[in-house]
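Here the sequence shown is numbered in full-length UniProt numbering, starting from 1 and rising by one per residue.
Note that these hints are calculated values from the structure, not bench results. Bear in mind the structure is a predicted one, so any value in this text is a computation, not a measurement. Among the hints, erroneous ones may be present.
Quick list of in silico lysine-lysine cross-link-like pairs, DSBU-like style, CA-CA up to 30 angstroms [stated by the list, open to error]:
#1 329 / 46
#2 331 / 46
#3 329 / 294
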Amino acid sequence: MIPAPPTAITALLARPVAVLGAGVSGQGVLELLAAIGGGGVLYDEKAAGAERVFTAREAAGHGLVVFSPGFAPEHAWLATARAAGCTCLGELDFASLFWRGDLVAITGTNGKTTLTEFLTHALNAAGRRAQATGNVGYPFSRFVVEQTGRTDMAVCEVSSFQAESLQHLRPTATLWTNFAEDHLERHPGLPAYFSAKARLVARTPPGAVLVGTSVQRFASSAGLSLPASSLIPTEGQGTDARLAGTVFAGYPQYENFLLAAAWWQRTGLTEESLLAAARTFRPGAHRLARVGEKRGVTFWNDSKATNFHAVEAALATFSAPVLWIGGGKAKGGDLGAFVGRIARHIRHAFLIGETSAALAGHCRDARVPATLCSSLAAAVSAALAQAVPGEHLILSPGFASFDMFQGYDDRGRQFEALVDNL
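Take the sequences, apply the hints, and build the full model.
So this is what it looks like as structure tokens:
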């Protein structure tokens, strides 16, 4: 049975809840409200079946507003809600009011989904009832409805969009893998992006926070302090021979394993059980996956690489310069510096999406041959024409997909279909 929320929230549920955003988070909130006997009104400017406007008049009919991660704190609808005296909570925060089990929060710029999925896999293999949730396409509100009484532990991926407005979530533990440039289209600079994620740290018991090397480095440069017990060296560490043949055999995934191992040890679980889980773990799709070989050229799908850090990690795994397909919807950040860092790993770049022209200019400055392509199909065709047997062709975009695709998974599937049809 789903537990009752705090008294203050119970009073707010006497009126219909305004649910902002008709995506999976908004739908999850409606499911949770129905499960507790409440009601909600869905608002979305574009979705069919939702109210299209949210003015002071609409806000006056609600006491509680629950919003999806796509709504920035300064969004006009949230400003309207606050002006009307409404309480505003993010979807994750609202759902946490109804969860009494453990919750391990996973965040980071790169690799957080893999770590979330791996810890879930390892816990279940060790006999613990765990389920991945959060920013993995399974909103916490839906998790609460479906998993209460069936699952003991939520392994919850938390994005900066979800963390920045937290008021109620209290993680049992927080694992912060790494920190690098990302989401600067939303956050006004790296300090703001860091602060958004750091709200998780502030809401977690000090001894239950674990952070990787790059998180420590940025905190130090910004004059911020983290609990000494939280610092886990994750960069420049010798790899573990016992992980040979697993996805954690080398970087960047070895960083994920080091964070998982540190938490695993503090939880009192055996090292061997984690190693055994690593041997049976298979990462999700679109994460530097080998698609196949055509005409002696090996194709790799890394469509989930939606930021600079992910691309840099992927390209660094190849011993020789590759044919790179990159570009997409801008997320902020220094494009010139990004191209400068990856230039030595690229023999020829094939650029797509709204950032393609800007990337081409930076490639020219960095003396990286580049071809502007009108579509992903054109990029695959042009790259294959340039390729010679023995080379690697990698789709690792570095940007969001929504300028041309429904999501990174759609982009990855289209790439795989193009390769299959060669």
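Results for each hint:
1. Straight-line distance between C-alpha atoms of residue 329 and residue 46 comes to about 20 angstroms, which keeps the hinted pair within the 30 angstroms bound.
2. Proposed proximity of residue 331 and residue 46 is supported: the alpha carbons are some 22 angstroms apart, at most 30 angstroms.
3. Between residue 329 and residue 294 the alpha-carbon distance is near 29 angstroms, which keeps this suggested pair within the 30 angstroms criterion.
Checked against the numbered hints given earlier, the structure satisfies every one of them.
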